[in-house]
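Visitor: As they're listed, the protein sequences go chains A and B. FYI, the numbering for the first sequence is 133 to 284, going by this note's numbering. FYI, the numbering for the second sequence is 339 to 530, going by this note's numbering.
No lab work stands behind these hints, which were simulated from the structure alone. Predicted model only: the values in this text are computed from it and were never measured. For each residue, glycine too, the CB sits at the ideal point set by N, CA and C. Be a bit skeptical, because a hint or two may be false.
[To be verified] In silico lysine to aspartate or glutamate, DMTMM-like type, Cα no more than 20 Å apart, as pairs:
(1) Lys429(B) with Glu169(A)
(2) Lys530(B) with Glu455(B)
(3) Lys144(A) with Asp227(A)
(4) Lys144(A) with Glu165(A)
(5) Lys428(B) with Glu243(A)
(6) Lys530(B) with Glu169(A)
(7) Lys432(B) with Asp138(A)
(8) Lys230(A) with Glu388(B)
(9) Lys171(A) with Glu388(B)
(10) Lys358(B) with Glu368(B)
(11) Lys530(B) with Glu391(B)
[What the hints assert, rightly or not] Interface residues of chain A toward chain B, partial, derived using beta-carbon atoms under 8 Å:
(12) Ser140
(13) Ile156
(14) Trp175
(15) Ile179
(16) Ala185
(17) Phe196
(18) Leu210
(19) Trp244
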Amino acid sequence: MSGHEDHSAQYKKIYFILLGLFAISVAGPFVAEFMPEGKGRLWLVLITAFGIAFVKAYLVAAKFMHLDVEKPIVHWFLVTALVFMVLFFAGTAPDVIKDDGVNWVRTAEIEWHQTSEAYRAKHGEGGHHGEDAGHGDEAKSDDHAKPEGDGH
Amino acid sequence: MSAGKPIATLREATGIPTGKLAVWWLLASEIVIFGGVLASYLMFRVRHPEFGEFAAHTDPRIGALNTWVLLTSSLCAVLAHNAAEMGDGKKAAKLLWMTVGLGGCFLMIKSYEWSVEIGHGYTITANAFWSFYYTAAGIHASHVIAGMCVMAWVATYAARNAELQRVELVGIYWHFVDLVWIFLFPLLYIAK
Numbered sequence: 133m134s135g136h137e138d139h140s141a142q143y144k145k146i147y148f149i150l151l152g153l154f155a156i157s158v159a160g161p162f163v164a165e166f167m168p169e170g171k172g173r174l175w176l177v178l179i180t181a182f183g184i185a186f187v188k189a190y191l192v193a194a195k196f197m198h199l200d201v202e203k204p205i206v207h208w209f210l211v212t213a214l215v216f217m218v219l220f221f222a223g224t225a226p227d228v229i230k231d232d233g234v235n236w237v238r239t240a241e242i243e244w245h246q247t248s249e250a251y252r253a254k255h256g257e258g259g260h261h262g263e264d265a266g267h268g269d270e271a272k273s274d275d276h277a278k279p280e281g282d283g284h
Numbered sequence: 339m340s341a342g343k344p345i346a347t348l349r350e351a352t353g354i355p356t357g358k359l360a361v362w363w364l365l366a367s368e369i370v371i372f373g374g375v376l377a378s379y380l381m382f383r384v385r386h387p388e389f390g391e392f393a394a395h396t397d398p399r400i401g402a403l404n405t406w407v408l409l410t411s412s413l414c415a416v417l418a419h420n421a422a423e424m425g426d427g428k429k430a431a432k433l434l435w436m437t438v439g440l441g442g443c444f445l446m447i448k449s450y451e452w453s454v455e456i457g458h459g460y461t462i463t464a465n466a467f468w469s470f471y472y473t474a475a476g477i478h479a480s481h482v483i484a485g486m487c488v489m490a491w492v493a494t495y496a497a498r499n500a501e502l503q504r505v506e507l508v509g510i511y512w513h514f515v516d517l518v519w520i521f522l523f524p525l526l527y528i529a530k
């Protein structure tokens with residue numbers, strides 16, 4: 133193993149870059165708290181907190197874990213796992229995020245939600261059941277009715 | 339082939355040493371474990387705007403301190419790998435022990451943080467946000483503990499200039515643990 137070049141200076145440089153990015157990711161949302169509510173504030177938080185998290189993750193993976201010089205098979209392992217994660221999210225997220233869809237309505241969840249202050253602030257006093265039309269139309273005409281044949 | 343070594347230790351059918359290949363396989367499965375928790379949290383965060391109010395009770399100063407601790411521990415781990423590559427087992431062992439120490443700091447800070455939060459009544463059963471909070475941070479902390487144990491074991495060999503290839507393997511695992519925290523920090527402490 134001896135005869136290997138010393139890369140410690142390069143690793144320290146990456147570490148200080150990571151610290152700089154970390155400082156921005158803390159400062160960004162802190163500054164956003166003094167901004168008025170709106171898209172500008174939201175984007176500032178998203179970019180500084182989450183956007184920079186991806187950059188930091190890339191630097192750790194590429195430079196500390198040496199993925200930048202690793203064999204392609206390792207990239208395939210990781211990409212496969214990430215694809216399964218995205219599939220899981222895409223397959224289940226609509227059930228969690230939405231109030232209704234094609235032939236289904238989450239009656240109990242809607243009732244519970246309408247008691248939430250934050251929900252009312254977002255959707256208005258009357259509550260909200262989503263925008264989609266489609267086969268769930270008859271359910272929307274009656275706030276708490278389920279369409280026929282709904283298995284939920 | 340030297341006697342006493344399992345064949346799998348020496349075989350490199352993919353062009354990657356088997357030990358390293360095993361670590362990458364492990365991390366691929368870890369992506370699904372942590373990814374499942376984080377993806378579920380994201381869904382519920384989008385669904386429940388009130389999660390932002392609960393997240394306001396977490397302390398970003400403590401989260402930030404722990405982020406710095408883990409980033410520094412990652413530097414120690416990669417410097418240990420560098421020392422191992424140069425054949426300096428003693429230096430590698432010293433840096434690995436520093437990494438273990440920083441892992442211990444992380445856990446102590448986390449313990450203090452949890453004791454304060456539990457003292458305020460924010461327990462794992464308080465609501466869905468706190469369930470996610472303790473589950474995600476708890477799984478992560480258990481990985482920190484596992485990493486510290488393996489790293490301490492590898493350090494004892496490295497100090498005798500033995501099995502230096504393991505320094506890189508345990509380092510890869512440790513960087514992954516750091517990487518998970520890079521995402522947990524904004525999700526649990528920043529997004530209010």
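Visitor: Look at each hint and say if it fits the structure.
Guide: Going through the hints against the structure:
Among the hinted pairs, Lys429(B) with Glu169(A) is inconsistent with the structure: their alpha-carbon atoms are about 52 Å apart, more than 20 Å. Between the alpha carbons of Lys530(B) and Glu455(B) the distance comes to roughly 17 Å, so the proposed pair stays at or under 20 Å and holds. With a CA separation close to 45 Å, the supplied pair Lys144(A) and Asp227(A) exceeds the 20 Å bound. Annotation: proposed proximity of Lys144(A) to Glu165(A) is violated, straight-line Cα distance about 32 Å (limit 20 Å).
Using a Cα cut-off of 20 Å, the hinted pair Lys428(B) and Glu243(A) is violated, with the two alpha carbons roughly 64 Å apart. Restraint check for Lys530(B) and Glu169(A): the C-alpha separation of about 12 Å stays at or below 20 Å, so the hint holds. Taking the CA atoms of Lys432(B) and Asp138(A), the gap is about 17 Å. The hint holds against a cut of 20 Å. Taking the CA atoms of Lys230(A) and Glu388(B), the gap is about 16 Å. The hint holds against a cut of 20 Å.
This hinted pair checks out: Lys171(A) and Glu388(B) have alpha carbons roughly 19 Å apart, not beyond 20 Å. As the CA atoms of Lys358(B) and Glu368(B) are separated by approximately 15 Å, the hinted pair is consistent with the 20 Å bound. At most 20 Å may separate the alpha-carbon atoms for a hinted pair to count; Lys530(B) and Glu391(B) meet this at roughly 6 Å. Against a cut-off of 8 Å between C-beta atoms, the interface hint on Ser140(A) holds, since the closest Cβ of chain B lies about 5 Å away.
Checking Ile156(A) against chain B: minimum C-beta separation of about 12 Å lies over 8 Å; hint violated. Nearest Cβ of chain B to the Cβ of Trp175(A): about 13 Å, over the 8 Å cut. The hint is violated. For the restraint placing Ile179(A) at the interface with chain B, the shortest Cβ-Cβ distance is roughly 11 Å, beyond the 8 Å limit, so the hint is violated. At a threshold of 8 Å, the smallest CB-CB gap from Ala185(A) to chain B is about 5 Å, leaving the interface hint in force.
For Phe196(A), the suggested interface contact is upheld, since its CB lies about 5 Å from the closest CB of chain B, less than 8 Å. This hint holds: Leu210(A) has a C-beta 6 Å from the nearest C-beta of chain B, less than the 8 Å allowed. Using the Cβ-Cβ criterion of 8 Å, the hint placing Trp244(A) at the interface with chain B is not satisfied: the shortest such distance is roughly 10 Å.
The structure shown violates the earlier hints numbered 1, 3, 4, 5, 13, 14, 15 and 19.
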